[in-house]
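**Student:** Could you put together the complete structure from these sequences and hints?
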Amino acid sequence: MLDFIQATSDGVLFGATYALIGIGFTLVFGVMHKLNLAYGAASIGAAYAGLLILGAFWAEAPAWIVFLGAFLAGGLIGWLVYVTCFHFIPSASALATLMATVGMLLLIDEIVVHATDGLPLNYPALFSDVMLHLGDYYLRGDLLLVFTLSVLCMVGLLALLYRTRLGLATRAVAQQPIAAQLCGIRVARVNAMTFVITGLLGGLAGAMIGASVGALSPLLTTPLTIKGLIVTVIGGLGSIPGAIVAGLLVGGFESVFQQFRGVTERDLYVMLLLFVFLFFRPGGIFAAKGGRD
Amino acid sequence: MKKIALAVSAAFAACALGAAPALAQEKTITIAGFGAKTGPVRSFGVNSEAAMLAAADVINKSGGVKLADGSKAKIAIQFYDDRCTAEEGISVARRIYGTEALVAVGPTCSNVAEPLFGVLQKKVGDSSDSGLQMPIFTDVAVKVGLAKISEWAFRNVPNEMTMYSSLFYWLRTKHPELKTVYGGVEEDFAHSRASWHAIMKDRAQANNFQVVGESKWLLADTNFATQAREMKKANPDIVAIAAHPVSMCGALKEMARQGVKPKVLVGLTSSSSLETLKGCAKQAQGMIIPTSFAPVTKEGKFAAETTAKFKGAADLHSMAAWENVFILKDVMEAEKISGDKSKVAEDRRKVRDGLAKLRETKGLLGVTKRTEDREADKPYLFVTAKGNNWVVLHNPLQ
Chain L
1 MLDFIQATSD GVLFGATYAL IGIGFTLVFG VMHKLNLAYG AASIGAAYAG LLILGAFWAE
61 APAWIVFLGA FLAGGLIGWL VYVTCFHFIP SASALATLMA TVGMLLLIDE IVVHATDGLP
121 LNYPALFSDV MLHLGDYYLR GDLLLVFTLS VLCMVGLLAL LYRTRLGLAT RAVAQQPIAA
181 QLCGIRVARV NAMTFVITGL LGGLAGAMIG ASVGALSPLL TTPLTIKGLI VTVIGGLGSI
241 PGAIVAGLLV GGFESVFQQF RGVTERDLYV MLLLFVFLFF RPGGIFAAKG GRD
Chain G
294 MKKIALAVSA AFAACALGAA PALAQEKTIT IAGFGAKTGP VRSFGVNSEA AMLAAADVIN
354 KSGGVKLADG SKAKIAIQFY DDRCTAEEGI SVARRIYGTE ALVAVGPTCS NVAEPLFGVL
414 QKKVGDSSDS GLQMPIFTDV AVKVGLAKIS EWAFRNVPNE MTMYSSLFYW LRTKHPELKT
474 VYGGVEEDFA HSRASWHAIM KDRAQANNFQ VVGESKWLLA DTNFATQARE MKKANPDIVA
534 IAAHPVSMCG ALKEMARQGV KPKVLVGLTS SSSLETLKGC AKQAQGMIIP TSFAPVTKEG
594 KFAAETTAKF KGAADLHSMA AWENVFILKD VMEAEKISGD KSKVAEDRRK VRDGLAKLRE
654 TKGLLGVTKR TEDREADKPY LFVTAKGNNW VVLHNPLQ
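Read top to bottom, the protein sequences are chains L and G.
Reading the first sequence from the start, the letters are residues 1 to 293 in the numbering used here.
Reading the second sequence from the start, the letters are residues 294 to 691 in the numbering used here.
Don't read these hints as lab results, they were simulated from the structure.
We treat Cβ as the ideally placed atom computed from N, Cα and C, and that holds for glycine.
Among the hints, erroneous ones may be present.
Unchecked claim - The calculated label-pair distances, taken between Cβ atoms and stated as ranges, are:
1) Thr590/G with Trp79/L: 50 to 58 Å
2) Leu52/L with Gly579/G: 26 to 34 Å
3) Ser384/G with Leu52/L: 28 to 36 Å
4) Glu653/G with Phe275/L: 56 to 64 Å
5) Ile5/L with Val589/G: 48 to 56 Å
6) Gln498/G with Phe275/L: 36 to 44 Å
7) Ser384/G with Asp117/L: 20 to 28 Å
8) His114/L with Gly424/G: 31 to 39 Å
9) Asp117/L with Asp670/G: 25 to 33 Å
10) Glu653/G with Leu80/L: 54 to 62 Å
11) Val417/G with Phe4/L: 57 to 65 Å
12) Asp646/G with Phe260/L: 54 to 62 Å
13) Gly579/G with Val276/L: 41 to 49 Å
**Tutor:** In structure tokens, the structure reads:
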């Protein structure tokens with residue numbers, strides 16, 4: 001029983017990073033009705049960018065500065081992805097933008113490999129030596145920080161969407177871009193800001209993943225992209241609360257499957273979970289109400 | 294007009310005659326190399342290429358390879374990227390086959406080597422077998438027993454069965470108080486998987502250690518909490534980790550976090566590299582790994598320094614590539630290859646036959662014996678991570 005509780009809590013805490021990645025995928029889909037497959041790679045790329053650029057000027061930068069660097073680099077990379085893969089491609093060409101983001105994913109991956117010779121890089125962490133013990137049960141300090149930061153970001157994002165003019169504009173464009181344009185909302189600017197915001201979240205997610213693993217590696221890109229898509233589908237395309245719940249769910253289930261079925265079957269069961277949702281609830285946990293005309 | 298044409302022709306003829314002696318002297322023998330130059334194990338391919346270029350440079354500065362007609366040819370190295378995938382490796386091998394390269398040194402990954410050797414001609418001279426007839430001389434891919442797949446396949450890789458047998462024997466005699474072993478294994482990488490299941494576990498048990506469990510993970514895993522918990526429960530004396538630096542460092546860090554402190558840590562041969570020390574030097578302190586290279590001889594130090602000039606690091610894999618180039622030079626001279634571009638197939642056969650005849654070669658740690666199944670029995674040492682270096686802990690052959 002303790003193993004089950006331990007595995008679940010470890011998984012849920014780590015699943016907060018999946019939730020951040022899922023939010024990025026779902027927010028872009030919600031606003032533009034398009035998938036940004038480069039998002040996972042951009043998140044890891046942002047973590048690398050923050051680490052390498054800071055490392056060039058500040059050898060032993062504190063962990064929180066490195067996280068901030070990843071956060072800001074994520075915003076910049078998000079904007080670049082928007083400009084190169086979405087802005088100049090006609091909005092009717094969903095396939096063109098999809099393929100463009102696949103190309104961007106591969107490009108970011110290769111840039112990272114060539115910049116680092118494919119070697120893993122140590123990534124700083126906060127509270128990595130802290131373990132809170134309750135008898136035989138423990139909570140990792142760094143994972144608690146990851147979870148807390150992720151929750152704060154999610155709260156911040158929800159506040160941005162529902163308490164600010166930018167958020168109002170974003171929701172208007174997501175509902176009806178033509179009507180939003182007629183109301184004077186600059187759709188291109190809103191789209192760009194969406195990518196910047198999701199990029200910031202992605203940069204933080206990349207930093208948190210690097211911190212919890214203790215190292216950054218180009219190998220993180222593909223699994224993160226797949227997990228992000230699974231979370232997006234299970235949560236419901238376009239639903240931010242759905243992405244949050246699904247991220248924690250996937251993280252928890254993944255850890256429990258690994259505990260009881262081993263690593264060789266773990267991913268099999270995660271995919272089965274996806275298929276169960278697609279079969280019984282294809283719209284996801286929080287299927288989006290209505291949508292565009 | 295006629296005079297002008299005559300003058301131009303004479304000028305061209307003079308140029309050609311002037312260049313001809315230089316051209317006639319500039320003979321080259323091509324040795325191809327291939328390995329992972331992209332992807333997570335890119336460092337292996339980069340280091341192998343650097344070592345091959347360095348070795349070729351040394352040989353060329355001494356005059357080059359002596360051909361059958363007494364003239365000398367320079368060695369040209371052409372290195373290809375196989376991305377550590379079987380399809381790409383086979384495609385690269387076929388591409389090399391279509392060039393004038395006499396032999397290919399590679400690949401990096403065992404999951405490439407195994408299927409690749411399968412597309413070579415199984416038995417030399419078998420006219421019913423349309424497999425590739427080109428010698429492959431492996432420097433890195435170390436999964437046990439691959440060379441026997443084809444008579445065109447040769448390997449200069451350490452014999453892990455011998456090394457781990459020796460290591461666990463040494464641990465048993467030096468530390469009789471140690472009783473139990475727990476394994477950590479990277480399940481989706483051919484080398485690491487085979488090294489634990491077929492070698493480390495077997496050799497530990499053969500030396501009267503009790504294997505109390507094993508934890509598995511994948512190369513791209515980010516969370517090792519479950520595996521570290523399992524190790525902690527088992528409380529083993531020795532933890533043997535059959536994983537490459539990328540995932541091994543993640544596991545070691547989690548072990549440190551959860552207070553898993555075995556008395557001895559044993560690692561995979563491929564992890565006795567700079568990559569491990571860059572990724573997790575603190576957590577890997579004291580880890581013992583058997584290796585077929587350390588810069589402890591004059592030749593070894595020279596090879597390491599020369600390879601560094603070509604921007605490569607010296608480890609057991611890249612130094613095997615260095616050794617391979619020198620071995621091939623000796624074989625080519627002994628078999629009197631023609632170096633004639635129209636006789637590539639014949640020269641390849643001579644190189645193959647020459648490699649097959651070898652009973653021993655000169656390695657950077659000492660004499661390497663060649664086995665009947667075209668493998669190598671290399672001298673080895675035990676190294677341990679100390680600070681930011683791998684230092685020699687014990688020489689079992691002394």
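**Student:** Mind checking the hinted window 57 to 65 Å against the Cβ distance between Val417/G and Phe4/L?
**Tutor:** Given range 57 to 65 Å: holds, Cβ gap about 59 Å.
**Student:** Has the hinted range 50 to 58 Å been met by the Cβ atoms of Thr590/G and Trp79/L?
**Tutor:** This hint holds: roughly 55 Å between Cβ atoms.
**Student:** Within 36 to 44 Å: is that where the Cβ-Cβ distance between Gln498/G and Phe275/L falls?
**Tutor:** 41 Å, holds
**Student:** Ile5/L and Val589/G, beta-carbon distance inside 48 to 56 Å?
**Tutor:** Hint holds: Cβ distance 51 Å, inside 48 to 56 Å.
**Student:** How does the Cβ-Cβ distance of Asp117/L and Asp670/G compare with 25 to 33 Å: does it lie in that range?
**Tutor:** 32 Å, holds
**Student:** At the C-beta level, are His114/L and Gly424/G separated by a distance inside 31 to 39 Å?
**Tutor:** 35 Å, holds
**Student:** Can you tell me whether the CB distance of Leu52/L to Gly579/G sits inside 26 to 34 Å?
**Tutor:** Given a distance of about 30 Å, which is inside 26 to 34 Å, the answer is holds.
**Student:** Is 20 to 28 Å a correct range for the gap between the Cβ atoms of Ser384/G and Asp117/L?
**Tutor:** Holds - the Cβ-Cβ distance for Ser384/G and Asp117/L, about 24 Å, lies within 20 to 28 Å.
**Student:** So does Gly579/G sit 41 to 49 Å from Val276/L, Cβ to Cβ?
**Tutor:** Roughly 46 Å apart at Cβ, these two residues keep to the hinted range, so it holds.
**Student:** Given a hinted range of 28 to 36 Å, is it respected by the beta-carbon distance of Ser384/G and Leu52/L?
**Tutor:** 33 Å Cβ-Cβ, so the 28 to 36 Å window holds.
**Student:** In this structure, is the beta-carbon distance linking Asp646/G and Phe260/L contained in 54 to 62 Å?
**Tutor:** Holds: the Cβ-Cβ distance is about 56 Å, inside 54 to 62 Å.
**Student:** Kindly confirm whether 54 to 62 Å is satisfied by the beta carbon distance between Glu653/G and Leu80/L.
**Tutor:** Since the Cβ atoms of Glu653/G and Leu80/L sit about 57 Å apart, the hinted range of 54 to 62 Å holds.
The earlier numbered hints are all upheld by this structure, with none contradicted.
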